[in-house]
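There are 2 protein chains.
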Amino acid sequence: MKKRLFTPGPTPVPTEIMLKMAEPITHHRLPLFEEVFTETNENLQFLFQTKQPVITLTSSGTGAMEAAVVNLLSPKDKVLVVRGGKFGARWAEICQAYGIEIVPIDIEWGKSVSPSAIRDVLKKEADIKAIFTTQSETSTGALNDIEAIAAIVKDHKALLVVDAITGIGVHDLKPDDWKVDVVVTGSQKGLMIPPGLAFISLSSQAWEALEQSKLPKYYFDLKKALKTMDKKQTPWTPALTLIIGLNEALKMIRKEGLEQLYARHHRLAEATRAAVKALGLELLAEHPSNVLTAINIPSSVDTGALLKYLRDKLGILVAGGQNHLKGKIIRIAHLGYMDDFDIITAVSALERGLNQMRYNFKIGSGVEAAQSFLCQQK
Amino acid sequence: MKKRLFTPGPTPVPTEIMLKMAEPITHHRLPLFEEVFTETNENLQFLFQTKQPVITLTSSGTGAMEAAVVNLLSPKDKVLVVRGGKFGARWAEICQAYGIEIVPIDIEWGKSVSPSAIRDVLKKEADIKAIFTTQSETSTGALNDIEAIAAIVKDHKALLVVDAITGIGVHDLKPDDWKVDVVVTGSQKGLMIPPGLAFISLSSQAWEALEQSKLPKYYFDLKKALKTMDKKQTPWTPALTLIIGLNEALKMIRKEGLEQLYARHHRLAEATRAAVKALGLELLAEHPSNVLTAINIPSSVDTGALLKYLRDKLGILVAGGQNHLKGKIIRIAHLGYMDDFDIITAVSALERGLNQMRYNFKIGSGVEAAQSFLCQQK
Chain R
11 MKKRLFTPGP TPVPTEIMLK MAEPITHHRL PLFEEVFTET NENLQFLFQT KQPVITLTSS
71 GTGAMEAAVV NLLSPKDKVL VVRGGKFGAR WAEICQAYGI EIVPIDIEWG KSVSPSAIRD
131 VLKKEADIKA IFTTQSETST GALNDIEAIA AIVKDHKALL VVDAITGIGV HDLKPDDWKV
191 DVVVTGSQKG LMIPPGLAFI SLSSQAWEAL EQSKLPKYYF DLKKALKTMD KKQTPWTPAL
251 TLIIGLNEAL KMIRKEGLEQ LYARHHRLAE ATRAAVKALG LELLAEHPSN VLTAINIPSS
311 VDTGALLKYL RDKLGILVAG GQNHLKGKII RIAHLGYMDD FDIITAVSAL ERGLNQMRYN
371 FKIGSGVEAA QSFLCQQK
Chain V
11 MKKRLFTPGP TPVPTEIMLK MAEPITHHRL PLFEEVFTET NENLQFLFQT KQPVITLTSS
71 GTGAMEAAVV NLLSPKDKVL VVRGGKFGAR WAEICQAYGI EIVPIDIEWG KSVSPSAIRD
131 VLKKEADIKA IFTTQSETST GALNDIEAIA AIVKDHKALL VVDAITGIGV HDLKPDDWKV
191 DVVVTGSQKG LMIPPGLAFI SLSSQAWEAL EQSKLPKYYF DLKKALKTMD KKQTPWTPAL
251 TLIIGLNEAL KMIRKEGLEQ LYARHHRLAE ATRAAVKALG LELLAEHPSN VLTAINIPSS
311 VDTGALLKYL RDKLGILVAG GQNHLKGKII RIAHLGYMDD FDIITAVSAL ERGLNQMRYN
371 FKIGSGVEAA QSFLCQQK
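Top to bottom, those sequences are chains R and V. So the mapping is simple: our numbering equals the position in the first sequence, first residue as 1, plus 10. So the mapping is simple: our numbering equals the position in the second sequence, first residue as 1, plus 10.
Incorrect hints may have been included.
Just so you know, same-sequence chains aren't split out, so a pair can sit in one copy or run between any two.
Listed next, the in silico DSBU-like pairs over lysine-lysine satisfying Cα-Cα at most 30 Å (straight line) [as the list claims (entries may be wrong)]:
1. K233 <-> K372
2. K318 <-> K234
3. K241 <-> K13
4. K13 <-> K164
5. K372 <-> K323
6. K237 <-> K336
7. K265 <-> K241
8. K12 <-> K242
9. K133 <-> K88
10. K133 <-> K323
11. K265 <-> K96
12. K261 <-> K86
13. K12 <-> K241
14. K338 <-> K265
15. K233 <-> K121
16. K241 <-> K133
17. K96 <-> K241
18. K237 <-> K318
19. K13 <-> K242
20. K88 <-> K338
21. K234 <-> K338
Rather than coming from a laboratory, the hints here were simulated on the basis of the structure.
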């Protein structure tokens, strides 16, 4: 049975990239690796839309989130955390593990944060050192308007930190132009390679903040990483086969172009949303991200059985809900190495699963809606 | 030009493993991955010779070292650190980054620690919480006698922590029998896979110490890792292609058997040392490890030029010295996926390099010595 991933990470990896990573192992102290790493770092700046260096860490995305916290802050600092899902909550957990005081803005899962709510907190709490937020909240498919948030934070001395782990390469994000101080992401998302690498970029103001930070750090010490980067190296042995794959993926991304990349993800998301609507289903997210589509599943349908049927009978892996949304939603990712026919496939599989679960709908209506949308677009 | 790695990590990766890792990407929440991870965890216990769980981290070996420090200790704890090279010094750096007081035993690089020196410190400093040491010090090729050290530490309440990053799979280490509390290693060494994973095992006493530890942690939180391991998962998305490769590597190791594995490394190391002697050269290490052979290079030979010649003209990558030993030694690793003919190749290349550098010796004497040694053994 052919297997297809529609999960928000890991995402499909192009076979060319898998084979490139399977070439005989090399050594990170060789000029060849240094060339690859230099090219990779330039292309990461292109993807991140920043003139600042983008640091590569050997860890999951959570490691880069921890790097942001431990490099920017000092014990007892106060920060604002936007919690609208599992990954917003993770910012709070990391901060609390390090004794940072958090002021949360809690949002119903599926909703996006109102930028004015951030303004209100900043007015009341003048000593907020940093704002931790999420571009695309992967647990709900909700998109936060980082440009609008940045416009508010700009006049405040607090640093704006954005988890763009699934957002990078899908939604526009201009750290230098908008004044976003820290951006983090991971490798197994829009970057189309296996998990094991994470990335973090810092504004010049954030780099300055590092000098004041007193939280303990060693493996995730970004000053050390920046220093070794000048020598085309990482402070610790990097996951070098993944960096070799990353270099290929970034060349593909650069060839496609950022506007086309964002437009493709928007197109695929819109087609998916059109299909969901045609099937009589509803989206969880008020402002849905183009990363994934979170669909409310009617209580008459056994969501666990639906996911299992898709996985075991059709080879289609779709994510379920997390925490209190478990059993209530499914999440179809259209992230990374995806095209029109992948969406038609996902919708086709969803219809077959829903039919198996005796959900009442007109067979073919979802596929027809996605197809019509895709054909109407150029 | 064929390229060959004789570096103490990354080490050669069997092509079968590279190709296994190049198979279509899977997802870590699938039953297939859970089966692989379960099998891997069992085989890690076999390799580590422990009944305790071995935790897999997505990081370099340094990440596992940091995990040991932040999970065992609390601010202002006092620890003993054996510093006989770059990696012993790293234990001290990590401890100091977290505000731990260190009592160092400094050894000349190339020497091994005397177990009685550890006994003396423990007698004087009753409040030592942990002893950080290194089995095979990769920067010098010196072997420390962990069994003898463990025998001394056994009667003390301090925890014994061993960096076995290059030692695992090369030198015997019996954490449960000898009472070694913490063992750490990395993936790109004896485990024969690319860098990106690290491993740590803890004794029951060390697991108890975790309950008291007050240093901050999140990504490297081992209690969280242990809890998710029960569900055949990791707390954060793991470098799953590397785990798939690891599973294959561990099956190879298990098939070979631990005794055979240690004996093979001993044989290859002895052959290399016989060649070095025949060439009129000296070893740096007083008690050389079977991981790598560190060779003192006479001042008449330009070590940098020698390494460059080996690398660029012969495709043979050998490591130089680190810190103050730079330019004074070369390090030939015989670690991991290595056999007799690899050693003959390394010695042959070394002779050609030395000849090019006008070092005075009888051409063929090194190869002859290695060959004689290998033929005399069964």
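Against the structure, the hints come out as follows:
no.: 1; hint: K233 <-> K372; verdict: neither (58 Å within a copy, 49 Å between copies)
no.: 2; hint: K318 <-> K234; verdict: between (46 Å within a copy, 27 Å between copies)
no.: 3; hint: K241 <-> K13; verdict: between (42 Å within a copy, 23 Å between copies)
no.: 4; hint: K13 <-> K164; verdict: neither (46 Å within a copy, 52 Å between copies)
no.: 5; hint: K372 <-> K323; verdict: within (21 Å within a copy, 69 Å between copies)
no.: 6; hint: K237 <-> K336; verdict: between (44 Å within a copy, 20 Å between copies)
no.: 7; hint: K265 <-> K241; verdict: within (27 Å within a copy, 41 Å between copies)
no.: 8; hint: K12 <-> K242; verdict: between (40 Å within a copy, 24 Å between copies)
no.: 9; hint: K133 <-> K88; verdict: within (14 Å within a copy, 44 Å between copies)
no.: 10; hint: K133 <-> K323; verdict: neither (54 Å within a copy, 66 Å between copies)
no.: 11; hint: K265 <-> K96; verdict: neither (34 Å within a copy, 42 Å between copies)
no.: 12; hint: K261 <-> K86; verdict: neither (43 Å within a copy, 48 Å between copies)
no.: 13; hint: K12 <-> K241; verdict: between (44 Å within a copy, 27 Å between copies)
no.: 14; hint: K338 <-> K265; verdict: neither (39 Å within a copy, 46 Å between copies)
no.: 15; hint: K233 <-> K121; verdict: neither (36 Å within a copy, 33 Å between copies)
no.: 16; hint: K241 <-> K133; verdict: neither (43 Å within a copy, 44 Å between copies)
no.: 17; hint: K96 <-> K241; verdict: between (37 Å within a copy, 19 Å between copies)
no.: 18; hint: K237 <-> K318; verdict: between (48 Å within a copy, 25 Å between copies)
no.: 19; hint: K13 <-> K242; verdict: between (38 Å within a copy, 21 Å between copies)
no.: 20; hint: K88 <-> K338; verdict: neither (35 Å within a copy, 51 Å between copies)
no.: 21; hint: K234 <-> K338; verdict: between (45 Å within a copy, 26 Å between copies)
Checked against the numbered hints above, the structure violates hints 1, 4, 10, 11, 12, 14, 15, 16 and 20; every other hint is satisfied.
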